[in-house]
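Going line by line, the protein sequences match chains A and B. Per the working numbering, the very first residue in the first sequence carries number 1; after that it's consecutive. Per the working numbering, the very first residue in the second sequence carries number 1; after that it's consecutive.
It is worth saying that the hints were derived from the structure and are not from the lab. A hint or two may mislead.
Unchecked claim - 30 Å max Cα-Cα, derived BS3-like pairs, lysine-lysine:
no., chain 1, residue 1, chain 2, residue 2
1, B, Lys524, A, Lys414
2, B, Lys352, A, Lys486
3, A, Lys58, A, Lys507
4, B, Lys352, A, Lys435
5, B, Lys370, A, Lys414
6, B, Lys352, B, Lys377
7, A, Lys377, A, Lys246
8, A, Lys311, A, Lys435
9, B, Lys226, A, Lys435
10, A, Lys58, B, Lys486
11, B, Lys524, A, Lys524
12, A, Lys205, A, Lys58
13, B, Lys134, B, Lys414
14, A, Lys59, B, Lys414
15, B, Lys486, A, Lys63
16, A, Lys59, B, Lys435
17, A, Lys414, B, Lys59
18, A, Lys63, B, Lys352
19, B, Lys377, A, Lys486
20, A, Lys414, B, Lys134
21, A, Lys507, B, Lys52
22, B, Lys414, A, Lys58
23, A, Lys254, B, Lys52
24, A, Lys524, B, Lys59
25, A, Lys507, B, Lys486
26, A, Lys414, B, Lys435
27, A, Lys414, A, Lys59
To be verified - Derived, one-sided and incomplete: chain B residues facing chain A with beta-carbon distance under 7 Å:
no., residue
28, Phe20
29, Gln64
30, Cys88
31, Ile126
32, Phe221
33, Gln225
34, Glu337
35, Ile449
36, Asn513
37, Trp515
Ideal Cβ placement from N, Cα and C applies to all residues, glycine included.
Number of protein chains: 2
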Amino acid sequence: MIHGKNYIGSALSAEGTVTFQTFSPVDLQQLPEHFVQATETETEEAVAKAAKAYESYKKVSGKQRAVFLRAIAEEIEALGAELIERACTESGLPEGRITGERGRTVNQLRLFATVLEDGTWVEASIDPALPERKPLPRPDIRKMLCPVGPVAVFTASNFPLAFSTAGGDTASALAAGNPVVVKVHPYHAGTNELVAGAIIKAAEKTGMPDGVFSSLNAIDFMIGQKVVLHPSIKSVAFTGSFNGGKALYDLAQKREEPIPVFSEMGSVNPVVILPEKIKENGESLAATIAGSINLGAGQFCTNPGVLIALKSEETDAFKTALVEQVRALAPQAMLHENIFKNYEQKMGDIFKGKVVEKLSESDIEASALKGRPAVAKIGGVDFVANPHLVEEIFGPFSILIECADETELMDVLKNFEGQLTGSVLGIGNDFAKFKSHIQVLQEVVGRLIFNGVPTGVEVCYSMHHGGPYPATTDGRFTSVGVDAIKRFVRPVSFQDAPDDYLPDELKNANPLNIWRRIDGELSKETI
Amino acid sequence: MIHGKNYIGSALSAEGTVTFQTFSPVDLQQLPEHFVQATETETEEAVAKAAKAYESYKKVSGKQRAVFLRAIAEEIEALGAELIERACTESGLPEGRITGERGRTVNQLRLFATVLEDGTWVEASIDPALPERKPLPRPDIRKMLCPVGPVAVFTASNFPLAFSTAGGDTASALAAGNPVVVKVHPYHAGTNELVAGAIIKAAEKTGMPDGVFSSLNAIDFMIGQKVVLHPSIKSVAFTGSFNGGKALYDLAQKREEPIPVFSEMGSVNPVVILPEKIKENGESLAATIAGSINLGAGQFCTNPGVLIALKSEETDAFKTALVEQVRALAPQAMLHENIFKNYEQKMGDIFKGKVVEKLSESDIEASALKGRPAVAKIGGVDFVANPHLVEEIFGPFSILIECADETELMDVLKNFEGQLTGSVLGIGNDFAKFKSHIQVLQEVVGRLIFNGVPTGVEVCYSMHHGGPYPATTDGRFTSVGVDAIKRFVRPVSFQDAPDDYLPDELKNANPLNIWRRIDGELSKETI
């Protein structure tokens, strides 16, 4: 049963007077439960509990934190059908997608647990003392990554599970040893509440300190703002729009102590289709791309918002096929009325200037809140003159940039801002011939994809989901994959520390049997 | 011969009308040479050349970059006595110190070269494809650290060599594959010019692209400002005052594309002297600490600006010894008249409120610009009530915080802002007994030192020279040691990339024989 209250650590609290309901994009109805927005006092309490919990949670071993993460995964699974139904209802996403997203969420928690059990991720480094060195002896210096303190997590609209209450941000902050305060997304507050309950249960079962996790309902911006401005909050993670992410970033820079804000703000994810590839089978390519455009109603930060090709007969054939494919795409329910309206409005705006030409849109009748898939085109020269025209339109929309020749293609590529991904589709000599073009694209992306669409972000060791600004506020860090944990740590050096003061990771005997850099060489040796 | 011009890449240029001279704190005289401040056009040209050079420099292999760094070291050494003399004259620092600093500078360049030759530093990570995986196959994903683009380096007043033109910032930016634009410090422009010439020679000899290094003379803030605001600059490194470092940070956040600013802004570096230690031999301890306070006229970011002890008879004895030791310290020339005046003024200000009591100062007569060593004290309760009173005073000054008991000591430690270092001096049971106190100190420092003074920052693998704000603007990165290179890179993932497109670090055959993380396990295996 949904209770609509805030989790201030393990305590349920609903002191406020502002309430809100979530909305079903499928039934076009408000859901019955009332969520009570956190008050300023409750917000303060949640952060204070997090700060207090940090004092003990930071000392909890990696192996114990792994037990906690695994317990969260189990408790989420134990929610069973109730969670799946609630998430489907609040997001309008189909059951298959939500079940998959739950799988991604629990696998992610378990992958982080594996990383903690292994222990090597802390980048332990030891330079033993050189007492005989001249002119001065060298002290013993050791270093490892340590937690930073309470982290604020803003849940995303488009992934009610995998980028929400127990998503990648929470998993990595908890894995690193930091308490988490979640700002609930008002579109799926019920889903968030169920997951928050699972986290609290897991924390209690595994003996984690009260306050290691809190969850605050919020319909106004003020709650998130208060959390970010609280001096005990040491880092912020956000996934969503550019406006939201940048506002949080700017807010955090104005604090007396500025703190890192990891905002993942999406991008247009250019897909370059090279000449031999487009010649090979433009029709099948068009089908693949159309499918990627409409996947999840285009509500992915990795949606292929821009296609780029050289003008040619084959490109014309591809275009014709794409036009047909898009006509046949079935519009799908968008996440929320606001998102649908925003899509409709941006779709209207982009054609106003007459520089962008509509190629086709879905012919299939769309009931309310269903995002109508569409494709458009713009010439390379026009894009170079107006690169800001081609900004992300959150929904099933893509724009083809047609380039007259290879020089124009180069100009186009040089005019992109930071992107989460860039894709190149090619066969035969394509990649060799266009190597310098691809290298220009590489410069502005976090992930360079060959012969694949940008949707589908693997949770693994080598994933980098974080391109240069404005795709994110900090392109040096990823929000997907195990290295996401690195966002919430800082190195600490210990000089001539007694062995029994040192964390296990740095002790002479290497009791955790982890890889360490000793005098610059990786090794599992003792000191 | 000093020419006073700017290096716009390898071209000497002096188009401006604003000139300045450097000053000898030893002779109290302006030096004869006139340095021509860079114009806006020259600044623009330097950054444009850097952006152009980046296109090829980023493709230069690590091994070739190592050759470049080693050549810089050789060219600096080849400057011989001229460099040492100029640096001594412009800084007032003694020859032994400057010779040592040159050693540190060239060793640092060579250490970075070793790291590049080894190649493992790029954190190569490979998750091979799993084509049979259900429900979806996994693509091949590989990741490594890549350069970010041109870096602006602001040289420091207190290290004319090791934190200046070819110091740690330049060495790490060049090592990472980024061109550098240096903003010359007006206190030692001649020293900077000599070193800039050495870098240009080394770049030419080793075939590096023109523009990989530029150096701009500046007496006004405007030049540095223009560099930081230039869209082609992707990162900034600074060592100096809080006001300077924070201003650059704020400036960079206001850009259309905000960029990282690594400002190392110093700290008070608290030294906690535990009871058994102070009992053991307060007198010898006082001598060591007095020496550290006056080292380099206290002009180190790691100067022990705060001492902390519990009230006791033994602490009184230590205090008496310290008072005597400080009386006997010989005042030394400070770096510049402005630094001297600032020291004098802050020393005056701190005693105005009458909360801080002067204990003693040097009895030895001090000629002009010599910083008079001094020590003061404040009670623990007074410090907790006025923690901002105890800010860094750049010079040979330290303040003792006397705590009534262990609880007050805990309160004191909880009231520190971010610090580069924190030291604890103890013997016997001290560390065990005060473990929770030390852990509180650990939370706010970049480096935790046991039984050592904070001065002396080893250039090695495990050094972390970068505490939480306000010690630096980004406590997640170090400005000393090989990991300083990590400031100027970002990860890039490659998905299903053809082997011949991949950088050598990620190719199947592992041609560089580096350590790579394969499916999460470190290995030198091929794929």
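Against the structure, the hints come out as follows:
A distance of roughly 36 Å separates the Cα atoms of Lys524/B and Lys414/A; the hinted pair therefore is violated under the 30 Å criterion. The suggested pairing of Lys352/B with Lys486/A is violated, with an alpha-carbon distance near 45 Å, which exceeds 30 Å. About 18 Å separates the Cα atoms of Lys58/A and Lys507/A, which keeps this hinted pair within 30 Å; it holds. With a CA separation close to 67 Å, the supplied pair Lys352/B and Lys435/A exceeds the 30 Å bound.
The straight-line distance between the Cα atoms of Lys370/B and Lys414/A is roughly 54 Å, outside the 30 Å bound, and the hint therefore fails. At roughly 13 Å between alpha-carbon atoms, Lys352/B and Lys377/B fall within 30 Å of each other, so this suggested pair holds. In summary, the hint linking Lys377/A to Lys246/A is supported, as the alpha carbons are separated by about 29 Å, within the 30 Å threshold. With a C-alpha separation of about 19 Å, the suggested pair Lys311/A and Lys435/A falls inside the 30 Å cut-off, and the hint holds.
Between Lys226/B and Lys435/A, the direct Cα distance comes to roughly 34 Å. Violation of the 30 Å bound is thereby established for this hinted pair. Using a Cα cut-off of 30 Å, the hinted pair Lys58/A and Lys486/B holds, with the two alpha carbons roughly 25 Å apart. Taking the CA atoms of Lys524/B and Lys524/A, the gap is about 15 Å. The hint holds against a cut of 30 Å. As the CA atoms of Lys205/A and Lys58/A are separated by approximately 18 Å, the hinted pair is consistent with the 30 Å bound.
Pair hint Lys134/B plus Lys414/B does not hold up; C-alpha atoms about 52 Å apart against a cutoff of 30 Å. For the hint linking Lys59/A to Lys414/B, the alpha-carbon distance of about 17 Å falls within 30 Å, and the restraint holds. Between the alpha carbons of Lys486/B and Lys63/A the distance comes to roughly 28 Å, so the proposed pair stays at or under 30 Å and holds. Of the supplied pair hints, the one linking Lys59/A and Lys435/B holds, its CA atoms being roughly 13 Å apart against a limit of 30 Å.
Between Lys414/A and Lys59/B the CA atoms are separated by roughly 17 Å; this keeps the pair inside 30 Å, and the hint holds. In summary, the hint linking Lys63/A to Lys352/B is not supported, as the alpha carbons are separated by about 53 Å, beyond the 30 Å threshold. For a cut-off of 30 Å, the pair hint linking Lys377/B to Lys486/A is broken: about 40 Å separates their Cα positions. The suggested pairing of Lys414/A with Lys134/B is violated, with an alpha-carbon distance near 38 Å, which exceeds 30 Å.
With a CA separation close to 47 Å, the supplied pair Lys507/A and Lys52/B exceeds the 30 Å bound. Between Lys414/B and Lys58/A the CA atoms are separated by roughly 16 Å; this keeps the pair inside 30 Å, and the hint holds. Between the alpha carbons of Lys254/A and Lys52/B the distance comes to roughly 34 Å, so the proposed pair goes past 30 Å and is violated. A hinted pair counts as satisfied when its Cα atoms are at most 30 Å apart, and Lys524/A with Lys59/B does not qualify at roughly 33 Å.
Our distance criterion of 30 Å between C-alpha atoms is met by Lys507/A and Lys486/B, whose separation comes to about 25 Å. Simply put, Lys414/A and Lys435/B have alpha-carbon atoms about 55 Å apart, too far for the 30 Å limit, and the pair is violated. In summary, the hint linking Lys414/A to Lys59/A is not supported, as the alpha carbons are separated by about 48 Å, beyond the 30 Å threshold. This hint is violated: Phe20/B has a C-beta 33 Å from the nearest C-beta of chain A, more than the 7 Å allowed.
The criterion of a C-beta within 7 Å of any C-beta in chain A is not met by Gln64/B, whose closest approach is roughly 18 Å, and the hint is violated. The interface hint given for Cys88/B is broken, as the beta carbon of that residue sits about 19 Å from the closest beta carbon of chain A, more than 7 Å. With a cut of 7 Å, the hint placing Ile126/B at the interface with chain A holds, because the nearest CB-to-CB distance is about 6 Å. The closest approach between the C-beta of Phe221/B and any C-beta of chain A is roughly 20 Å, which is over the 7 Å cut-off, so the hint fails.
With 7 Å as the threshold, the beta carbon of Gln225/B stays out of range of chain A, its nearest partner Cβ sitting at about 18 Å, so the hint is violated. Evaluation of the Glu337/B hint against chain A yields a violated restraint, the C-beta minimum of about 31 Å exceeding 7 Å. Hint status for Ile449/B relative to chain A: holds, with the closest Cβ pair at about 4 Å, below 7 Å. This hint is violated: Asn513/B has a C-beta 13 Å from the nearest C-beta of chain A, more than the 7 Å allowed.
For Trp515/B, the suggested interface contact is upheld, since its CB lies about 5 Å from the closest CB of chain A, less than 7 Å.
The structure fails to meet hints 1, 2, 4, 5, 9, 13, 18, 19, 20, 21, 23, 24, 26, 27, 28, 29, 30, 32, 33, 34 and 36 from the earlier list, while all remaining hints are met.
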